[in-house]
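Asks: What follows is each chain in one-letter form.
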Amino acid sequence: MTTGVTDPFAYHAPTTVREASQALLRYRGDAKVLAGGHSLIPMMKLRIASPQAIVDLRNVEGLKGITANDDGSITIGSMTTYYELITSDVINSNASSIAEAASQVADTQVRNWGTIGGSLAHADPAGDLPAVAVALGFEIHAASARSQRTIASDRFFRGYLETALRPNEILTGVTVPAQGAGSGDAYVKLANKASHYAIVGVAASLTIDDGGICTSARIGITGAGPHAVRSRRAERILVGKELNESVVNRAAQRGGAEIAGLFNDDVHASAEYREAMTQVYTARAVNAAAERAMN
Amino acid sequence: MNAEVTITINGSAHRLQVPPRALLSQVLRDELDLTGTHVGCDTSSCGACTVLVDGNATKSCTMFAVQADGCSVTTVEGLASNGELHPIQEAFREKHGLQCGFCTPGMMITAVQILERNPSPTEEEIRSGLRGNLCRCTGYHNIVAAVQHAAATSGGE
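As they're listed, the protein sequences go chains V and Y. If you read the first sequence in the working numbering, its first letter stands for residue 1, the second for the next number, and so on. If you read the second sequence in the working numbering, its first letter stands for residue 1, the second for the next number, and so on.
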């Protein structure tokens, strides 16, 4: 007999978001939402999490699937798995950095279960999808029993494993805004060799006009600090300019400026190394996105 | 409090009373005596416990049995049919795709998934597909050869 999960818990598998939210409310913050379970169950085995109750979303209607909307935006249900993202034509042709990030998560088995909603709500500081969410400007949909609201991705991640979700809210899905003509997006990461978690991961989304000028830029960084952040200072250097080597390098030097003093420093990489790699990977992400924007 | 679940395992429906915290790997091994599913690390790292859940390769140590209610599970015991080895089992035997054998059930189940999604994988695709399965004998060379052999004998190119 293996050790497994030793602490008992009450299990709920509601069929509506309303019931799910009510179940969360009932346990006053001591219930955890189960999506794919590939972060939560390992945490329970390590007794980092010992919730009184689990609210499994697997039977909740309407949380799965990828829809291309008429305005060019994409709606993704929170229970959509990494594998579904990777194999989606809609994702690959309109927001390929989502598939690029999902395909770099862990391994086949984990990608069969891990979900976009789980990744965002868990807010692992080294998770891949949060960087893409920030760069593509995801609108994150949250619902409780009584209300629904939308949270901008650059205001969603608040701290280590901490988001703007309230204790009774369920993350129901995201809307990926239309990326428009002349846009390109990319995600690149320096992965830990064993776990494949991001030591540093950078997503970039750019629009480049016919004259070769960058008209909009968004950069999301994960792995480097306590939570995924938007690198506005690097973005500002790119916008309004032709993305030649010197402009990209100047922006890359500001990549992660928002994380100054907060770089993670652990057994996997020192803060100094993460800071240096954030700059290197910011340049790579910008160059990869620019190449796609111009093709 | 136990929950009642119905799981189809290797083609037979099983109605079981399980505590919610019971992992699928524990129910398979301890309740149903399907000990071909091995538990190596119990931390979602090694993949020895991989089974198919509704066709998806799954680390059964990272899933509560209650989550599998209504699902169809295939373990290594379910690969062979009518006394005939599954092509992937035949290939592991033919290419000696094992040393101590501990990782083999998980390797074979994941290999089934790889070939189902891509009948003619490249060596790199096989290696990347097996990334979630560790072989502590480091016998990867013959494991990859076995998957290539299975692809060739199953009609892939």
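No wet-lab data here; the hints were simulated from the structure. Note that this is a predicted model, so its numbers are computed, not measured. Note that CB positions come from ideal geometry on N, CA and C, so glycine has one too. Watch out, some of these pointers could steer you wrong.
[Unchecked claim] Residues on chain Y that point at chain V, a partial pick, calculated with CB under 8 Å: (1) Thr43; (2) Lys59; (3) Leu98; (4) Thr110.
Asks: Now tell me, hint by hint, if it's right for this structure.
Replies: We went through each hint and held it up to the structure:
1. Thr43: With a closest approach of 6 Å, the threonine 43/Y hint holds.
2. Lys59: Holds. Min distance 5 Å.
3. Leu98: Interface hint status for leucine 98/Y: violated (19 Å vs cutoff 8 Å).
4. Thr110: For threonine 110/Y, the interface hint holds, since the closest Cβ of chain V sits about 6 Å away, which is under 8 Å.
Comparing the model with each numbered hint stated earlier shows that hint 3 is the single one that does not hold.
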